[in-house]
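A.B. asks: Sequence:
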Amino acid sequence: MIVSVIVDVESKQINRVFDYLVPEHFKQTVRPGMRIIVPFGPRKVQGFVIHTKHESDVDPGRLKPFDDIVDVKPALTSELLALAEWLTDHTLCLQVTALKSMLPAAMRAAYDKRISLADDASRTNLDSALLPFFKRTGDVMWDEVKKTEPGLLKIVQKEVKNGLLTIEPVVKSRETKKRVTVIEPLLPQDQLLEKADETDARAPKQALLLRYLSKITAPAALTRLLEETGISRATVKAAVKNGWADQRQVEEYRDPYEGREFKSTEPLPLMNQQKEALDSICRSLDENEHRTYLLHGITGSGKTEVYLQAIDRALKQGKEAIVLVPEISLTPQMVHRFKERFGSDVAVLHSALSKGEKYDEWRKIRDREVTVAVGARSAIFAPFENLGMIIIDEEHETSYKQEEEPRYHARDVAVERGRTYSCPVVLGSATPSLESFARAKKGVYTLLTMGSRVNNVKLPGVRIVDMREELRNGNRSMFSTDLLDAMNDRLEKKEQMVLFLNRRGYSTFIMCRDCGYVAECPHCDISLTYHRSNQTCQCHYCGYHVTRPNRCPDCESEHIRFFGSGTQRVEEELKKVLPEARVIRMDVDTTRRKGSHEKLLTAFEKGDGDILLGTQMIAKGLDFPNITLVGVLTADTMLHIPDFRSSEKTFQLLTQVSGRAGRHKKPGEVIVQSYTPDHFSIQLVKNHDYLSFFGREMVYRRQSDYPPYFFMALINISSEDLTKVVTVSGKIGEFLRKSLAETTVVHGPAASAVPRIKDRYRYQCMVKYKTEPKLAHTLKEILKTYQTEMTRSDLAITIDTNPYMLM
DNA sequence: AGCACGCCGACT
DNA sequence: GTCGGCGTGCTC
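Numbering (the UniProt record's numbering), first residue to last: 1 to 807.
By construction, these hints were calculated from the structure, which means they are not laboratory data. Please note that the accuracy of each hint is not assured.
[Claimed, not checked] Have a look at the derived ranges for each label pair, beta carbon to beta carbon:
#1 Q247 <-> E144: 27 to 33 Å
#2 K178 <-> T217: 20 to 26 Å
#3 A121 <-> L226: 48 to 54 Å
#4 K178 <-> S264: 43 to 49 Å
#5 R476 <-> R108: 49 to 55 Å
#6 A118 <-> T420: 52 to 58 Å
A virtual CB, placed ideally from N, CA and C, is assigned to each residue, including glycine.
Based on the provided sequences and hints, a complete structural model is requested.
C.D. replies: Given below as structure tokens:
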């Protein structure tokens, strides 16, 4: 018996299957989708079994048996193995990269070396630098040595040559399972009580323990037992020794929601528009028909309730469901709604969980202990085998696109899986991506529209304030008179408000007023942001930071000024103009710690704050009844980034934040401050007019050959050597033009929008096409041509067949 | 990737 | 004579 294996070596040359013999004792257990440990050249690596067979094309003498099996159950189902192949083809990534991306991070292998003394006598002759590590008997792991003294590898290798040490490569598993000690009575209840009566006089603690044991029906956690009875570990030990009880370790799933109560909810009554949407979706479900629905429902129209009831129907048919939400930790409210409706049937996979917690949630899916997976992008690979429903909430969100390899879009994967399982895929949004809406209009997707809010709550009134006008009237502050008045009004009425600004830190750039010097990152072509809390200037691209200069590094002038405002600056300013207001600031800097995000939101919900000030992360999913005012401080920052989607992003963001106001009984108001108030993506927010926005934006996309009219592919070339980047990208551009059809447009090569990041120069070529059968082949050809140069030098070529980040 | 093999310059 | 530089090639 032979297995074909994709080994965990990320290199173009190794991107194919290798065959291994199956050792006799594994013949019954090994199956496709399992991870195994294989010898690969001189080392050991992890590999994925792709299929089993009885003959190999490889010379039988060269076949080696594999070492071990990692998984008890296959990590990947046969469907996911096929999906990995699809991912590889569509994103042009390595097969092993696709396979690994489907597993939780805790299941990715780590490698180490075990160093042992050749024999006991070797110790005396060992290089003195290594002695501290070999004082005790037993082996030493290289990772341990590296931690204290990374330079010692040379000496270790020398001693290997001298025959004093041996090195054995090992594959470490990062999977840690949480274990708890449990106690279980070994005697029936009546005997326990009998024994308790006997021991009462001599050993009261034993008696207490025996009575406790007589009451339990399932094994009890030791820690809890000790806590509740107040007896000591020694007492328990004695009882175990007496043969009254058994103590053992059991595996436990870490429950990130432990101790939290979710009251269960019943389906809510639906409005007509919701019913119609639900009926269409359920029809596909009942008929086992794959169909992609675009659920276009304005903010507050009750999309979530439609998802919940559609899922419920799928579960009742014995099927499973996947729900994707953008960066789920950011929308705890959404998680709660699923937990409340489906209780312990839900596994949650979000970025704020620890690796171990994610692994446990993932195992619940694999072991079929749950039937619903709610999570961010990678949850689309949930290893279900009878999928009945896939839902992508806020489908326009760009976080569904992975910006590392494999560069996939969860929406595409969802449609592919929906096709395999013949099940409906529901894309929901108040502001669909242009791609999806265009597809819905063409009939590729089925459009479902929900145009009014639940209970007919009115959409908030939106006012657009011209900040140039404010300036002309002598208001140089960051708050317009309108916004300030409105804020004062809400403070008086004890109502809450949300202030939105998509820039963290304190200021956007630092400039010397005397000589015009602007502080820039020495490793990236980008200006530094001032962070007031720790008095540093930071680069948001590479993390470089320096203490703030008091004098201009160029001309020694003291007139260093900070321009533009970030959330920290606004917070400070708010303290000045509204000293009595309680402000809760929410951005990457205040939510870095685990759970802090939710803590801040709960505080705001409880009314511990009047103003919630934040970046992007407060734009989605917030649903608090007391919010009656939303202020957008600078609507145009998004508009000026060099990206053809900038108008779309601006409109989506403004509409989303607007939706945070007046979702319940109290009417809401939105004030948008802008320096370009006449731009259509800002004007059309006023009437929440998605359709007009769609129409206007499509005209621009058609004129400029952008998606959805054209497809794109982006080739990025980078190196520390600028000359190399220029020559290589030049050749690539030439090759693209020569190889592709005449109707295809090739832009560049040109320097990227951020021409240097982390000391690497970056150039790019852009391909825009309608149909291009030769594209995949041409791009693969490019990678093949530069394959050796990429391994031998620092040259890097990355290809994105559906780019969202054009920087 | 990571490791061995192999062929040329500067040291005990 | 040997140590070590990194070009080349291979991994079932």
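A.B. asks: Among all the numbered hints in the text so far, which are the ones the structure does not match?
C.D. replies: Those not satisfied come down to hint 4.
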